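S.K.: Residue numbers (the working numbering), protein chains in the order written: chain V, 1 to 116; chain S, 117 to 228.
Calculated directly from the structure, the hints in this document are not laboratory data. Small disclaimer: the values here were computed from a predicted structure and weren't measured. No residue lacks a Cβ here, since even glycine has one placed at the ideal position from N, Cα and C. Among the hints, erroneous ones may be present.
What the hints assert, rightly or not - Residues from chain S that face chain V, not an exhaustive set, calculated with beta carbons under 10 Å: (1) G156; (2) S189; (3) A217.
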Amino acid sequence: AQTVTQSQPEMSVQEAETVTLSCTYDTSENNYYLFWYKQPPSRQMILVIRQEAYKQQNATENRFSVNFQKAAKSFSLKISDSQLGDTAMYFCAFISRNSGNTPLVFGKGTRLSVIA
Amino acid sequence: GAGVSQSPRYKVAKRGQDVALRCDPISGHVSLFWYQQALGQGPEFLTYFQNEAQLDKSGLPSDRFFAERPEGSVSTLKIQRTQQEDSAVYLCASSLTGAEAFFGQGTRLTVV
Numbered sequence: 001a002q003t004v005t006q007s008q009p010e011m012s013v014q015e016a017e018t019v020t021l022s023c024t025y026d027t028s029e030n031n032y033y034l035f036w037y038k039q040p041p042s043r044q045m046i047l048v049i050r051q052e053a054y055k056q057q058n059a060t061e062n063r064f065s066v067n068f069q070k071a072a073k074s075f076s077l078k079i080s081d082s083q084l085g086d087t088a089m090y091f092c093a094f095i096s097r098n099s100g101n102t103p104l105v106f107g108k109g110t111r112l113s114v115i116a
Numbered sequence: 117g118a119g120v121s122q123s124p125r126y127k128v129a130k131r132g133q134d135v136a137l138r139c140d141p142i143s144g145h146v147s148l149f150w151y152q153q154a155l156g157q158g159p160e161f162l163t164y165f166q167n168e169a170q171l172d173k174s175g176l177p178s179d180r181f182f183a184e185r186p187e188g189s190v191s192t193l194k195i196q197r198t199q200q201e202d203s204a205v206y207l208c209a210s211s212l213t214g215a216e217a218f219f220g221q222g223t224r225l226t227v228v
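Whenever a hint applies, use it, and build me the whole structure from the sequences.
M.R.: Below, the structure written as structure tokens:
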């Protein structure tokens with residue numbers, strides 16, 4: 001079974017600064033995707049960024065980038081130029097791509113507060 | 117619709133009552149997932165449909181939980197004889213390819 005671990009329950013960052021959220025995972029599979037989701041108080045899960053395991057290049061989406069270390073099974077999220085609207089819960093998630101559609105496996109989340 | 121729609125957004129039930137939670141996925145999405153999110157935790161898988169077929173219900177915590185998707189579109193998650201430990205946010209997600217899931221805003225269930 002796959003597991004996802006987020007070891008930072010809470011983090012804070014000053015507006016305009018950079019912050020990195022950690023995530024490690026455990027799997028014996030080779031074909032999978034990793035995601036970071038943002039969940040604001042409205043509760044809706046919003047996809048921030050996705051990484052395919054077979055791609056060596058780290059994914060980037062504007063101010064968001066990942067450091068994907070496949071051998072170490074590590075997938076951290078870097079948020080640059082933090083904005084007040086980035087305040088939310090952030091969840092790291094794993095999905096197997098070996099057999100059809102499978103459910104996401106989530107970590108417990110990191111609560112990020114951006115301080116003015 | 118433009119996104120995944122869930123109703124109601126909030127539900128308060130007395131212990132022992134039955135509840136029904138609705139999910140309206142993105143049109144054309146064949147895959148539909150239900151997750152349960154306890155306070156301060158990440159979502160946990162409950163069940164998965166591909167069209168009208170329930171392919172995986174391994175995450176349902178007890179036989180009081182039942183889900184259906186009779187026409188391969190709207191899905192209903194039913195909880196019978198609710199208990200306090202059922203209090204949580206119930207999230208629905210739909211997907212076309214499995215490479216990206218789109219979530220609704222969830223239903224917050226409080227059992228009193």
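S.K.: Evaluate each hint against the coordinates.
M.R.: Taking the hints in turn, this is what the structure says about them:
Using the Cβ-Cβ criterion of 10 Å, the hint placing G156 (chain S) at the interface with chain V is satisfied: the shortest such distance is roughly 8 Å. The interface hint given for S189 (chain S) is violated, since its Cβ lies 16 Å from the closest Cβ of chain V, which is over the 10 Å cut-off. Satisfaction of the interface hint for A217 (chain S) is found here, the shortest Cβ-Cβ separation to chain V being roughly 6 Å, below the 10 Å cut-off.
Hint 2 from the earlier list is the only one contradicted by this structure; the remaining hints agree with it.
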